[in-house]
Each structure stands twice: as structure tokens, then as C-alpha cells.
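S.K.: So you can see what is in the structure, the chains are spelled out below.
Protein chains: 2
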Amino acid sequence: MHGVALYALEGIPEIRPGDDIVREILASADRGPGIGPGDILVVTHKIVSKAEGRLVDLAGIVPSPFAAAFGQTWGKDPRQVEVVLREARRIVKMANGVLITETKHGLICANSGVDASNVPGDCIVCLLPLDPDASAEHVRRAIAERTGREVAVIISDSFGRAWRNGIVNVAIGVAGMDPFADYRGHNDPHGYPLVASRLAIADELAAAAELVMGKLDARPVAIVRGYAYGAPSEGASHGRHLIMDAARDLFR
Amino acid sequence: MHGVALYALEGIPEIRPGDDIVREILASADRGPGIGPGDILVVTHKIVSKAEGRLVDLAGIVPSPFAAAFGQTWGKDPRQVEVVLREARRIVKMANGVLITETKHGLICANSGVDASNVPGDCIVCLLPLDPDASAEHVRRAIAERTGREVAVIISDSFGRAWRNGIVNVAIGVAGMDPFADYRGHNDPHGYPLVASRLAIADELAAAAELVMGKLDARPVAIVRGYAYGAPSEGASHGRHLIMDAARDLFR
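Those sequence lines, one after another, are chains U and X. With the numbering used here applied, the first sequence corresponds to residues 29 to 280, in that order. With the numbering used here applied, the second sequence corresponds to residues 29 to 280, in that order.
Among the clues, some could well be false.
Derived DSS-like pairs: lysine-lysine, alpha-carbon spacing no greater than 30 Å straight-line [unchecked claim]:
#1 X:Lys104 to X:Lys132
#2 U:Lys104 to U:Lys121
#3 X:Lys104 to U:Lys121
#4 X:Lys121 to X:Lys132
#5 X:Lys132 to U:Lys132
#6 X:Lys104 to X:Lys121
#7 U:Lys104 to U:Lys132
#8 X:Lys132 to U:Lys121
#9 U:Lys121 to U:Lys132
Over 12 Å on every C-beta distance to chain U, these chain X residues come out as not near it, computed from the model [stated by the list, open to error]:
#10 Leu34
#11 Ala55
#12 Gly81
#13 Gln100
#14 Pro106
#15 Pro260
Just so you have them, the derived chain X footprint on chain U, three or more residues with Cβ under 8 Å [stated by the list, open to error]:
#16 61 to 71
#17 81 to 87
#18 152 to 161
#19 188 to 197
#20 213 to 219
#21 227 to 233
Keep in mind the hints are simulated off the structure, nothing from the lab. The beta-carbon is built from N, C-alpha and C at its ideal position, and this holds for glycine as well.
Make a model of the complete structure from these sequences and hints.
M.R.: So this is what it looks like as C-alpha cells:
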């Protein structure tokens, strides 16, 4: 019976800038499901961002006139709008008080991923990690060094989508695995060639992990056990490979 | 230790029009993980479509001049293009040989969900179910009647996304559960109100299920066990509620 198991790590404390999140992850795993070779660790970007000090105190932000006007029109803190704009390299859509931006990483999401939820302090906002793939690789390597176990690591965030209601967890940083399962060139059981079948496995793993994480329960890390991911290869190794090239993207 | 388990059902035979898929699902579940109350069954739309006879023999299709021109330009079977157009109520994007359409259900996807993979016969294509929510409800009710167990049912398909490479499994039909986990109005552990936190749980469940289904292995049904979904309610009960209203959708 082929099965995959999803576990949340419990009791990870509030993370502060400079904290060693791998120590907290290993301590929590020891109290729970452990960490086995081939496990996939899905880590909410927020604890990574906090550990990396990617927090901004809005008290120190002077909004530009553009940010001030947008904030006033739509009832948003102009200082937070300013931070959103500073994290963006392009505004993809700006309508009805919504800012869909392209971040400096190339991610397309609401508000450049800038978020005030699950952050202590009244006017502190959290940014995305500077380089989520590097953050994932850092966690992966630290776990390998300290435990001798090779795992894959996904840094996740919850994004809205075009055309569909609700947000879903996606992989913004990936290390130690192929983020895809690529069936292009294979035939189905009837012999028909599978032309469009490149599955974004890392996004599906991030989505699966969300089912045990919860938004209110301070469970920022999940373990996926029993999924046989592929080895990373050239052009299929990191979260950035999940981002569609602008030239191919019909909706950018 | 909070855990969710994903199991694929093995040995489901090729489904033909008129087949009783619930009988096949129950027989396979009996040989494997069983079906328990509160389980979520994720069923690939393809076996539903086949059972419902949503197959088209291209030999009987005469392409319109528009379909013929597009097919010839891009090296696609003009008869299949014709079927795609017949399943669409609107073309959202048409570029580089790609047809992104809005189906009669309101789903936005490539080729109206029309697909020749995993279908027997040289020139047979498979359409989406006519009403995936009704199909999900049919399966849910039949399982309740035959086993006495209340489960949730998701009919899934793999869709491409704007901005991101690869396809992911999403929920096109839902019955027996709230397709969302709605945290709007709740506060996070720091007391901050969660304004944008409505998770598309049914899509995350569909994505998770894909991890055990595989594209080549004829495992069209998965069971998700241990996830405490919410009860369906007005406006949050079916797959159609996952489709964004055109008026709110910035990318339609």
C-alpha cells in the first residue's frame, strides 16, 4: 500500500533575528516524527525571514507620494504600501486596492509577499527571504551536517492565484530535489505521448504540507515522508525554476 | 503527533462508459486502506468522464475554418481544436499555439480540459465532466449509501497556472466538505487580524493526492485520511465556489 505521510512539527518557539532555526527544527523533530533520509521538510518562509532579520519597522518608513496616495485611497497603511513597492521590481496589476507585484525574485504575488500576520509587534512587517533557494540550501546542508541525513527542503508561502478563489501554499525556495516530475517524452499506459505533463511537485508538496500546518497554530514546519522525489539536475533544482520565463508567460 | 496520510487505490481497471466507478473504488479500497468516515476521496476527472461517456471520437468531427487554421498553423489536430472550441465559452488567451479557455463551467485552463492522454483509442479525446460538482456528489452519496460512511469527494484535474511552470492538481468538483478553510476574522497568535487568509483547502487536497497518484501508473483515486475538513455551507460547498467571480478576477 503506497502511502505518503504528512506531519507537523510541534512546539517550535517564536523565531527572532539570528536564531538558529535548524536547531529548533531538529529539537522539535526529536520530540515528534524524527527526520529520516529522503524526508521533505516544508518550512514556512516566515520563520526563515524572521531568523534572517527580514523584518521592517514601519515607524522608520517614509512613504513616497505614490504609496501615500494608494494607501489613503484604499485604507491601507501608506508605510506598508511603501515597503511593498520597495520589494517589487514591477507592478503587474493595481486595481480595487489590490497590488499584484513581481518581486525582485521574479515571484508574482500580492503585496510582494510583505505581510504583518504572525509577526510580533504592532508595526513590524515581514518580507520574503532575500534568496529563498539559498535559505533552503542552508537548511538542507545544516541538517545533513548535523544528522548525516540527506533531505529535501522547501521554503513555502501562501499565494493567491489568477482565476481561483483562496490562497494555496507554494514553493518559493527548493533545495535537494527536482521541483518537477517530468513525464514529457513518456507514453501513458495506452501508448499516447504525454506532452503537457510536467508536474510542479514542489508546489504540490508545499500545498500538502499546509494541510498539517494551519494558520493559527504556530506549526511552521511540516515533514512529508514517503514521497520519492527526483534528484536535482541542471535547470530543475530550485524554486526559481518554478517561475515561468517572462517570454513564455501569457499573463505577466 | 498530528498526521495526515495519503494512499493511492491500486488496481482500478480501465473505465468504460456506463461503468460503476464507485463499485471499483470500493473494491480497490477493500484490498487496500479501506474507506473510513471523514476520509477525502480524490478522484481523477478522467475516470469520471469515461464512466459518464464524455469521450469524443475525432473521426466524427468536422473542424470549423477557424479551428482548421489554428490547427494547421501550430501542428495540432484541427478536429481536436474544434472540440476544444466547442467546450469553451470564451478564449482567454490564444498565443504561441496555446489555447487558454474559459470552459462552460467557468474553469480557466488549457484546451478546455480536453485531453487525449490516458484514453484508449487512437483518435478519442476526453472532455471534462459536464457538472463535476454533481459527479462528486454522486460518488459521495453512493459511498454513503453502500458503506454507511460519510466522506468528502473531490474530482481533480491537473491545470497549468499563470506565472509558474508545471501543472498542479486542482479540485474541479467537490462534495461533502467546505472547499476552504476560512481564517478571515480570526486573529493570529500575536493578535493580528488575518485578512487575506482563506485557504483553498480542496485545491491543496487535490495537489496532495497527486503525490500518490502518478501519471503513468493507473492510480486514478487517492484517499486523504486525517484531515479535519469543515462542513459545507452556503457558498462554500462545491468546486464551483473555487472559481473566482469574473468581476473580481484581475486576470480573466
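S.K.: Hint by hint, where does the structure go against what was stated? Just the numbers, ascending.
M.R.: Of the numbered hints given earlier, those the structure breaks are 3, 5, 10, 16, 17, 18, listed in rising order.
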